[in-house]
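Chains as they are written, first to last, in my numbering: chain A, 2 to 369; chain B, 2 to 369.
No lab work stands behind these hints, which were simulated from the structure alone.
Hints may be right or wrong, so weigh each one.
All copies of an identical chain are treated as equivalent in the list; a pair is satisfied when it fits inside any one copy or across any two copies.
Computed list of lysine-lysine pairs in DSSO-like fashion (alpha-carbon distance at most 27 Å, straight line) [claimed, not checked]:
1. LYS73 to LYS297
2. LYS192 to LYS247
3. LYS351 to LYS191
4. LYS103 to LYS258
5. LYS96 to LYS276
6. LYS247 to LYS191
7. LYS192 to LYS258
8. LYS311 to LYS73
9. LYS163 to LYS121
10. LYS261 to LYS103
11. LYS297 to LYS314
12. LYS168 to LYS256
13. LYS276 to LYS345
Number of protein chains: 2
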Amino acid sequence: MKIVCSRNELASAINIVSKAVAVRSTISIMECILFSAENDEIHLTANNNEMGIDTIVNGRIEEEGIVALDAKIISDIVRKLPDDDITISVDDSLKTTIVCEKAKFAITGKSGDDFSYLPKVEMENGVEISQFALKEAIRQTIFSVADSDSNMIMTGELFEIKDDLLKIVSLDGHRISMRNITLNDAYGDKKVIVPGKTLQELNKILSGEQDEIAQLFFSENHLMFLFGETTVVTRLIEGNYFDVDKMISNDFETKVKVNKRDLLSCIDRATLLSKEGDKKPVVMSFHDNTMKISMKSFIGSMNEELDIAKEGKNLEIGFNPNFFIDALRAIDDEEVTLYLINQKYPCIIKDDKGTYLYLILPVNFINS
Amino acid sequence: MKIVCSRNELASAINIVSKAVAVRSTISIMECILFSAENDEIHLTANNNEMGIDTIVNGRIEEEGIVALDAKIISDIVRKLPDDDITISVDDSLKTTIVCEKAKFAITGKSGDDFSYLPKVEMENGVEISQFALKEAIRQTIFSVADSDSNMIMTGELFEIKDDLLKIVSLDGHRISMRNITLNDAYGDKKVIVPGKTLQELNKILSGEQDEIAQLFFSENHLMFLFGETTVVTRLIEGNYFDVDKMISNDFETKVKVNKRDLLSCIDRATLLSKEGDKKPVVMSFHDNTMKISMKSFIGSMNEELDIAKEGKNLEIGFNPNFFIDALRAIDDEEVTLYLINQKYPCIIKDDKGTYLYLILPVNFINS
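Work out the full structure, taking the sequences as your base and the hints as a guide.
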């Protein structure tokens, strides 16, 4: 194999596929990036068997061929080379030479024979969504995916399509995050659970441009994202997702409108007094047109008042402050509306248009 | 005590004195900042017994008094408060209330009685230097202070004043870094060893402005830096510093001029192949008007050529690449001159004006 690519194009392609390179795997080929130069296309591919990424890099093929290179080493080398053309050539014994201006590196490649290629997904009936909308919706829900594997389904996000609506949901047993995106077209019903880890990595390489499109292709066990020159294939989590609609009530006894930024800074200040692990709740007390926020711990106490517009009953209720912070950070609106029932029922933050809904369970704050 | 300060002034003063707060001390008062409001001045002070910092903060004293507050807690609180006036009031039981707009924190202070105040240093015959020059000289030498305490003297830097010359030197047994600064005035001879840790912290709070002055006051056991509203007092390291002039030879067999940035990037690239701990040397081969840089490890090999202007003999010599990188990063010149004798003697990098000198011992590279 012999290829010539610009340093910047190569660095950016390596950066993209690196998201699917296995970290400290026992199978050393999974820590490699496959370079293949065939049929006039230079492909870089990585696959950790949970997700795989393939991207096409611009360049000139002087000799066709395939080689697998340690991802960390080739990435370090390319990153530190000057911004000029890089020539990568591989001889029959897989000795790989990387030349840029007067710098010359020699490393040993691996055969591509053991590399596990990406699973095939039929490219039919692709669902189109702007990269911006997809990236935002993932950012706005990913934080409430459960970390632990004790319930596999909670480690993924629901992607549900009905007509022209894409609904993305995550939940971890203490809270639910939901985003609804209206698509430009209507599609057949789809309902899959996508691993949270894949979405986290995917989000780092989506462009975030409103007018750049990503296409989603569904197969029985996989979901494929196609955008620009890049293909991301992820396995799906098996099972049925929770019936979220049943968990969400439309009833409320107290409805509160409050400035989002003020509420966020105030709760953020309260967390100062809660050391990691001691799980002190923030107490919110809604009384007429004032909301009092307070926190007490062995460090000290704080309280602060915010102006609100309230309908319904007065109420005092406790929450994990970090769950509130996560939800408020995910909302772009200037003002948010909280719907509450009583001390034992969750708080729901949602907008009238139905683009988002965040549900947070309360915690006991008496004697705490 | 009751004082009112702007949030930004207070945050910046806390940031300054925090550099002298003890980290995880068994003496809890050493983790505190002393707030004192007396004689129309609000002072913040911290002292970890190696170094102490005192700074004056603008504000209004409504009631005189003194309190010691946990540095981490007060710093977190002030950082997260809105940008407005902050009122700190302390009652007789040392209960401390911090109010800003509608936010109110209550924490418990400590008595200032156990606080160890800064040692007194006579403010006579202060040596004046621009904060910029001092900050730069520290940055350009601090990296070759020895980490370990096995030789206390190596953990400090020599500050030597003769007439109008300030010489700053550090060495760690493998290399020497030296900077000479011409002062605006002549002073009496002084020669002290300043702890490297103090200089590292001092450097974070010096302004780096050419026209802002720092004054240095020397006593038998202490050195005091006075700049703006801030006083930093450090203990000195006892003992006689190494006779550095005797270690530095003016003889050379090979003299090489090379572009600094090219040499730096080239050595930086070579370090890719040297994993931490395996200490692979970079080999430099000076031959006529070319310098060949090469590195070989279990990962692979690299080599690169640079154009040079050489006087004297050809030479092949090995170095720890990181020592070269540190020295080159500290030099602002476009071109550097290396002076070499043979494979066993150090390389000296210095300018003609005598503003800097870096000495690096070679390493054996045969069979490595």
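Going through the hints against the structure:
no.	hint	in the structure
1	LYS73 to LYS297	between (47 Å within a copy, 17 Å between copies)
2	LYS192 to LYS247	within (17 Å within a copy, 78 Å between copies)
3	LYS351 to LYS191	within (24 Å within a copy, 70 Å between copies)
4	LYS103 to LYS258	between (64 Å within a copy, 18 Å between copies)
5	LYS96 to LYS276	between (53 Å within a copy, 20 Å between copies)
6	LYS247 to LYS191	within (19 Å within a copy, 80 Å between copies)
7	LYS192 to LYS258	neither (34 Å within a copy, 67 Å between copies)
8	LYS311 to LYS73	neither (56 Å within a copy, 37 Å between copies)
9	LYS163 to LYS121	within (25 Å within a copy, 77 Å between copies)
10	LYS261 to LYS103	between (56 Å within a copy, 16 Å between copies)
11	LYS297 to LYS314	within (25 Å within a copy, 75 Å between copies)
12	LYS168 to LYS256	within (25 Å within a copy, 70 Å between copies)
13	LYS276 to LYS345	within (25 Å within a copy, 56 Å between copies)
The structure does not agree with the numbered hints 7 and 8 stated previously, though it agrees with the rest.
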